[in-house]
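A.B. asks: Residues per chain, in single letters:
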Amino acid sequence: MPFNLTRPPSATGLIGLALVLFWLFVALFGSLLAPHPVGEIVAYDVFEPTGGAYLLGTDYLGRDVLSRILHGARFTIGLALVAALLAGLTGTALGLFAAVSPRWLDETLSRFMDALISIPSKIFALVMIAAFDSSALLLLLIIGIAYTPGCYRIARSLAVNLNAMEFVLVARARGEGRLYLAWVEVLPNMIHPMLADFGLRFVYVVLLLSSLSFLGLGVQPPDADLGSLVRENISGLAEGAPAVLMPALAIATITIGVNLLIDSLRGKIRHAAGEV
Amino acid sequence: MSAHVEVQQLQVVAETDTGGTITIVDDVSFAIDKGQVLALIGESGSGKTTIALSLMGYARGGCRLESGSIRIGATEVMDLSREQLGQLRGRRVSYVAQSAAASFNPSRTIMDQVTEVAAIHHLMPRQQAQKKAVELFRALALPEPDSIGSRYPHQVSGGQLQRLMAAMALISDPELVIFDEPTTALDVTTQIDVLRAFKKVVQERNITAVYVSHDLAVVAQMADQVVVLNKGAIREQGATAQVLDAPRDEYTRTLMAAARQPQRHGPELDSAVPPLLEVRNLLAGYGKIDRQGQPAVPILSDINVSLQRGATLGVIGESGSGKSTLARVIAGLLGPAAGQVLFDGEVLPPTLKGRSREQFRRIQIVFQNADTALNPAHTIARILGRPLTFYHGYRGAKKQQRIAELLELVQLPANLAGRPCSELSGGQKQRINLARALAAEPDLILCDEVTSALDTVVGAAILDLLTELRSKLNLSLVFISHDISTVRSMCDEILVLYSGQKVEYGRREHFVKPPFHPYTDLLIASVPELQQGWLERVAQRPALPEIGRSVKSLELCHFLERCPVRIDGRCNRLPPPRVQMQRGNEVLCHHGEQELRELEIPPLKCVAGGAG
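Here the protein sequences come in this chain order: A and B. For the first sequence, the numbering used here assigns the number 1342 to the initial residue and increments by one for each residue that follows. For the second sequence, the numbering used here assigns the number 315 to the initial residue and increments by one for each residue that follows.
Source of the hints: derived by calculation from the structure; they are not laboratory data. A portion of the hints provided could be inaccurate.
As the list claims (entries may be wrong) - With the C-beta cut set under 7 angstroms, the calculated list includes, among others, these residues of chain A facing chain B:
| no. | residue |
| --- | --- |
| 1 | ASP1386 |
| 2 | PRO1390 |
| 3 | PHE1508 |
| 4 | ALA1514 |
| 5 | GLY1516 |
| 6 | ARG1519 |
| 7 | LEU1520 |
| 8 | LEU1522 |
| 9 | GLU1526 |
Ideal Cβ placement from N, Cα and C applies to all residues, glycine included.
If we strip away everything but chain A, and leave its shape as in the complex, we get (with noise of 0.2 angstroms):
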């Protein structure tokens, strides 16, 4: 692998690193040290503050909303990051398999993947799931379907680059085969941006699990992700409720986390200034 992993991290790659850790261990963990069954309705009273009996206070309904975000991690995190996975792999495999193949079988690949892209990932999510009924399996595929076409272009553009360089022409000139050029030549070239790719495409993919939520179609009651604790606690944010305000801040870490560490994972691909 290209990391060099003998170099000193960085501290915003620490951080990066401690954020990553904590939300997977909570991920794996999180219901397991939730004080309260995800459903069960707690207190009397709704957007309980800070402190007191309830560490992170209650939501609308009265349901303590620690325990919600200790339940709600799993399908957030789980969830989001198979699903970006998914298509980041396909999405990667696809792109570089058209950049070093014949110009008709890359052409029919791209045009199909543009066709893809072209349709609405919500629209497409609301179709296969009125006709398929959620389920946490159906999420995953049609994330992974929804986001591949835009994984394939960026590893795509980014190989045909690759391809064009003369390391790769001299591969070529000793003779080597496709597979070589593609798998040893270029694909260790291209992992960082490609990386960088996924810590966006798993946000992104953070927002649309939460937008399927609050329509009712993503994560099913009385489960539900980050992303769905914070659209059915929205009311509260006129009273700055710790119960929309925790959940959001919970994506932030997430996201801001991930992003972090797989910066730091870029390292120093700088080049080096020569004099000019």
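We have chain A already, so just place chain B on it with the hints.
C.D. replies: Only chain B this time, still in chain A's reference frame:
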């Protein structure tokens, strides 16, 4: 009278990633009198550009002017505030950058950009600025000075753009002009025109200037004083004549030795053996091939060349002449539209597809830019190891041993193997690039401008290495370059390409004395010599003879537009014949041998073949 510009004990430091600082310019002092030109000369990393920029009070990102004094007239640049520096730059000190093409805004007219400085500093009304710009265009020998300003940057040539940039720098009558490698990116035949224009305008307007360059021969033409820099410190400074004729410093002597190309002879060749490489009637280009068999963008036409085993073929021409295309066709990266490439008596399949692994192995290609020719994601061991495994099936300890041998062959320490190539210097990278080709144990190496991106001293070392390897391993080389002195020093046979036509082809010895093809003559005459006054001695080229309209044909002489000895009615009507000279070289020209000898195309001069 004290000097007009004075730099004293200048120190510039750069901050490293770990928070420390490195001194990149240390204790540099020099002075320039009014109307004098001072040259800063050195290799890349010597700090010459950093010093030049510091004269405008500017340090590049991550660097800062640490201590010392920079005085221009009565102003101490180091003491100026940001706003005051803004007043200084462009108005009192101006800058001509290396790449004019990158320095002009493509979406605004040239006149707008040239007069912009006057507008920013409110120096003069618009009308007056434009009038002054036209005067400058005229002084810089630009064509159509009255109307060239209304064009856009892409509508003029690179050499013209460079002169326009000088006009931009001179519009405010600055006290000091900084020329930063202004001709490095140009072809030699263009460089001479630009140098001539610069020299004229500098003399006429009594301009004080700093001229940054790595090319001693260019500096010899332009400068009164020379400062030789190495690693941020001054090695030698003095009058140009003194530095060139009697260099006191060891480093200066090394630079001079590298600039004077020695003869690098290969082994004696047995001419009875059939040639290793033969190119027959080659036609190549890019895009679709039409019904007449012409590609949409024809690059090379009617190329016939052969190369003996162990010999070196030099291919020379300016950018766009088709040199690299020839290498690509031989390597199989580009299929020819017509013609054949024969290797060791066999016809090579036109593209990569049909070639066998053995054919791949025997022909290797080395590209100009080692930065892009080596995969940045791989270690050196991996880069060198791949051809070993791929062609020879080496694995494990055998492979490691061979990698170490290869590194030794290109004179690099064996402990580099585990490092990524991004940690190497330019010269080291080029050696790895070469070692990768050698790993295949090839018969023929195609060297595409292998020294063009390197400093003179480093490039000379690579050329020496190539010469040594060539004798040791009985290699044949196709050596592509835009620099005729390098080609003459390296190669047994020389092919001159102009816009895809083979205009001259013959043995190295025949490229010393005329008769030449008119283009070869221009090429040879344009290479600056390491002597003061060369630029003045080379007579101004006469105006081109008038000719009528040309017939539309690809087969006409491509040099027609620039040829000083073209003949109306012949050159613009008929394809030129290939003339065999008595001594053996071929010339593509309507003029016969006797005519070419008598034409005495000015500037005609014997070229001293360097020190060798």
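A.B. asks: For each hint given before, does the structure comply? Return the numbers of the non-compliant ones in rising order.
C.D. replies: The structure conflicts with hints 1, 2, 6, 7, 8, although it agrees with all the remaining ones.
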